[in-house]
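In case you want the letters, here they are:
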Amino acid sequence: AQSVTQLDSQVPVFEEAPVELRCNYSSSVSVYLFWYVQYPNQGLQLLLKYLSGSTLVKGINGFEAEFNKSQTSFHLRKPSVHISDTAEYFCAVTLPGSGNTGKLIFGQGTTLQVKP
Amino acid sequence: DTAVSQTPKYLVTQMGNDKSIKCEQNLGHDTMYWYKQDSKKFLKIMFSYNNKELIINETVPNRFSPKSPDKAHLNLHINSLELGDSAVYFCASSLARGANTEAFFGQGTRLTVV
Numbered sequence: 004a005q006s007v008t009q010l011d012s013q014v015p016v017f018e019e020a021p022v023e024l025r026c027n028y029s030s031s032v033s034v035y036l037f038w039y040v041q042y043p044n045q046g047l048q049l050l051l052k053y054l055s056g057s058t059l060v061k062g063i064n065g066f067e068a069e070f071n072k073s074q075t076s077f078h079l080r081k082p083s084v085h086i087s088d089t090a091e092y093f094c095a096v097t098l099p100g101s102g103n104t105g106k107l108i109f110g111q112g113t114t115l116q117v118k119p
Numbered sequence: 677d678t679a680v681s682q683t684p685k686y687l688v689t690q691m692g693n694d695k696s697i698k699c700e701q702n703l704g705h706d707t708m709y710w711y712k713q714d715s716k717k718f719l720k721i722m723f724s725y726n727n728k729e730l731i732i733n734e735t736v737p738n739r740f741s742p743k744s745p746d747k748a749h750l751n752l753h754i755n756s757l758e759l760g761d762s763a764v765y766f767c768a769s770s771l772a773r774g775a776n777t778e779a780f781f782g783q784g785t786r787l788t789v790v
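Sequences listed follow chains F and U, in order.
Offset between the first sequence (1-based) and our numbering: plus 3.
Offset between the second sequence (1-based) and our numbering: plus 676.
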């Protein structure tokens, strides 16, 4: 079975500082990897995804993530955060291949709190 | 235009009642999902339909019954509501059932059972 672990439940950071949100996954087969963001009282929005190819993936709002197969990690980074980045961030995986359903398996979420 | 819309946004009801949550997508997608987000913000899939066919049915009490009258709609009916059903329910859709297609989420329905 697949699982996703987000190592930090809360990450406080000052505005304009860099940030890294950590995500590790467990799977005996290859997976596709995603980061979603949830702003207060809203649905989830896709930030970026890794399917194949270059291990450094760039997404919206200046975020990027790096897939590391040996460490089974997919950490999210941003070099300089804004107050508006305050939100809940979810790492997720799905299974590629025939018979896949697009079912997302989520981590527990990380609350990013950007302080002025 | 809202891509994935859910109604109602908030739902407060008493234990034992039956309620429905409606979801509609105008993206032309084939696949729709229901996810449950608990009080700790953990998200878990409940159901998925692809072109009106049920393709995912996780371990969910049979008091929960999804219905897809057409591929643009996926409704969730809950019988005999319990306190533990209180959560935020998200509808989502994706172009196809493939795992590399982005899922678009609705704004959620916050269900409170009292």
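Please keep in mind that the hints were generated in silico from the structure rather than gathered at the bench.
A hint or two may mislead.
[Stated by the list, open to error] Below, computed lysine to aspartate or glutamate pairings styled on EDC-like, alpha-carbon distance capped at 16 Å: (1) U:720 x U:734; (2) U:698 x U:758; (3) F:52 x U:758; (4) F:52 x F:69; (5) F:118 x F:18; (6) U:717 x F:19; (7) U:716 x F:91; (8) F:61 x F:18; (9) U:716 x F:11; (10) F:118 x F:19; (11) U:717 x F:18; (12) F:118 x F:69; (13) U:712 x U:761; (14) U:728 x U:714; (15) U:712 x U:758.
Q: Decide if the proposed pair is consistent with the structure: residue 118 (chain F) and residue 69 (chain F), CA atoms, cutoff 16 Å inclusive.
A: 25 Å, violated
Q: Decide if the proposed pair is consistent with the structure: residue 717 (chain U) and residue 19 (chain F), CA atoms, cutoff 16 Å inclusive.
A: 27 Å, violated
Q) Between residue 61 (chain F) and residue 18 (chain F), is the straight-line Cα distance small enough, at 16 Å or below? A) Roughly 21 Å between the alpha carbons, so the hint for residue 61 (chain F) and residue 18 (chain F) is violated.
(Q) So if I understand the rule, the pair passes when the alpha-carbon distance is 16 Å or less; does residue 118 (chain F) with residue 19 (chain F) pass? (A) 9 Å, holds
Q. Would the pair residue 717 (chain U) and residue 18 (chain F) pass a check requiring their Cα atoms to be no farther apart than 16 Å?
A. 25 Å, violated
Q | Proposed proximity, residue 758 (chain U) with residue 712 (chain U) (alpha carbon, max 16 Å) | A | Holds, at roughly 15 Å.
Q. Taking only the CA atoms, is the gap from residue 52 (chain F) to residue 69 (chain F) under or equal to 16 Å?
A. Distance ~10 Å between residue 52 (chain F) and residue 69 (chain F) Cα, so the pair holds.
Q. Quick one, are residue 698 (chain U) and residue 758 (chain U) close enough, alpha carbons at most 16 Å?
A. 19 Å, violated
(Q) Does residue 714 (chain U) sit within 16 Å of residue 728 (chain U), going by the straight-line distance between their CA atoms? (A) Not OK: residue 728 (chain U) and residue 714 (chain U) at ~27 Å, beyond 16 Å, violated.
Q: Given the hint that residue 712 (chain U) pairs with residue 761 (chain U), test it: the Cα-Cα distance must not exceed 16 Å.
A: 9 Å, holds
**Q.** Agreement of residue 716 (chain U) and residue 11 (chain F) with the hint, judged by alpha carbon distance not exceeding 16 Å
**A.** 14 Å, holds
Q) Are the Cα atoms of residue 52 (chain F) and residue 758 (chain U) separated by 16 Å or less? A) 36 Å, violated
Taken one by one, the earlier hints fail for this structure at numbers 2, 3, 6, 8, 11, 12 and 14, listed in ascending order.
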